[in-house]
Amino acid sequence: MPAAAQIRVMVVDDQMTMRSLVRTGLQQLGFSDITEAPDGEEALRQILARPVHLVISDFNMPRLDGMGLLRALRSHGPTAKTAFIMLTGRADKELVQKAVQLGVNNYLVKPFTVQTLKDKIEAVFGKLT
Amino acid sequence: MTPDAHRLDPAGSKRIHVVQGEFAVSDDPDVMLGTILGSCVAACVRDPLAGVGGMNHFLLPGDQDTATAGGPGALRYGVQSMELLLNALYRKGARRERLEAKLFGGARVIDGLSDIGQQNAAFAERFLQAEGIALRGGSLRGDQARRIQFWPVSGRVRQMALVEPARQVFEAERAKPVPAPAAGDGELELF
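These protein sequences, in sequence, are chains A and B. When the first sequence is numbered by the numbering used here, its final residue is 129 and no position is left out of the sequence of numbers. When the second sequence is numbered by the numbering used here, its final residue is 320 and no position is left out of the sequence of numbers.
In isolation and in its complexed conformation, chain A is listed as follows:
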């Protein structure tokens, strides 16, 4: 069982308020190594400099959106297996299906609870300690 504190997470969303909500939820679950980026381009730059184990990313963002970030990570050897959870709205079914084709590990429909966040992460990593 992986320890949440040992999983390095990158939260990507153009809204600072949403990043803050996700970060607070992650901290409640025991995560402590959390970084943030306001768009896919900045996230990619940071991840290439310092790899992470998990990316939780919004779809709608300026510059490079969530799908572009996912595609970029999957096509680059060292980051190809980074776990990726997409944040979506309820009406984004086609988007999720496309993300699945690109290799997304799971998705999180907003607004979500901390328990749902935990369930989604555990579906990827296994039970957290």
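No lab work stands behind these hints: they were computed from the structure. Keep in mind that the hints are not guaranteed to be accurate.
Below, computed lysine-lysine pairings styled on DSS-like, alpha-carbon distance capped at 25 Å [stated by the list, open to error]:
#1 A:Lys81 <-> A:Lys127
#2 A:Lys98 <-> A:Lys81
#3 A:Lys118 <-> A:Lys81
#4 A:Lys93 <-> A:Lys118
#5 A:Lys93 <-> B:Lys221
#6 A:Lys98 <-> B:Lys221
Position chain B relative to chain A; hints supplied.
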């Protein structure tokens, strides 16, 4: 938006009524977005250069976990409402750095109850500040229900105080159930 929510008013404007939990955006100069607010808040946001604007209408649940203000409690409903509005504006050509907003509502309509209106108003102000969206005015708090009319292209807003039915507005807001958060996978089972 329901089919009958889009009508012509006597002045010729196409009127869209924005109910609690909903939002609407438009780039049509003849469209007027309207709503009635008690302790709910409506954000009227526009990009003057792109000529597009929109309005949402939200109420944070009364049992929000204020202990984790900014955390994943009931505030997520407000964040979600703002995000849906902003994303719809971006899809119509708006740019974040050009957005400007006016906030309305958040009244303390009935004495003696916890001040939900204040919590809604404070959330909306904090959100705009955190996201760097210019607050250009509006009318928050107070003790009266309001009727708001917003022309999203010009940015013009008309506010009318509703003195008599304030209690009914407030009770209608409280009666409307808060949508359940997305628990689990929704309707799509892929994982």
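Exercise for review: Compare the distance between the alpha carbons of Lys93 (chain A) and Lys118 (chain A) with 25 Å, and conclude whether the hinted pair is satisfied.
Suggested key: OK: Lys93 (chain A) and Lys118 (chain A) at ~21 Å, within 25 Å.
Exercise for review: Could you grab the alpha-carbon distance between Lys93 (chain A) and Lys221 (chain B) and see if it respects the 25 Å cut-off?
Suggested key: At roughly 21 Å apart (the allowed maximum being 25 Å), Lys221 (chain B) and Lys93 (chain A) satisfy the hint.
Check your understanding: Within 25 Å, alpha carbon to alpha carbon, are Lys98 (chain A) and Lys221 (chain B)?
Key -> This hinted pair holds, its Cα atoms lying about 23 Å apart.
Point to revise | 25 Å limit on alpha-carbon distance, applied to hinted pair Lys81 (chain A) and Lys127 (chain A) | key: 19 Å, holds
Review point. Going straight from one Cα to the other, do Lys118 (chain A) and Lys81 (chain A) come out at no more than 25 Å?
Key: At roughly 20 Å apart (the allowed maximum being 25 Å), Lys81 (chain A) and Lys118 (chain A) satisfy the hint.
**Study point:** Lys98 (chain A) paired with Lys81 (chain A) [C-alpha distance capped at 25 Å]
**Key:** Cα-Cα ~18 Å, so holds.
In terms of the numbered hints stated before, the structure departs from none.
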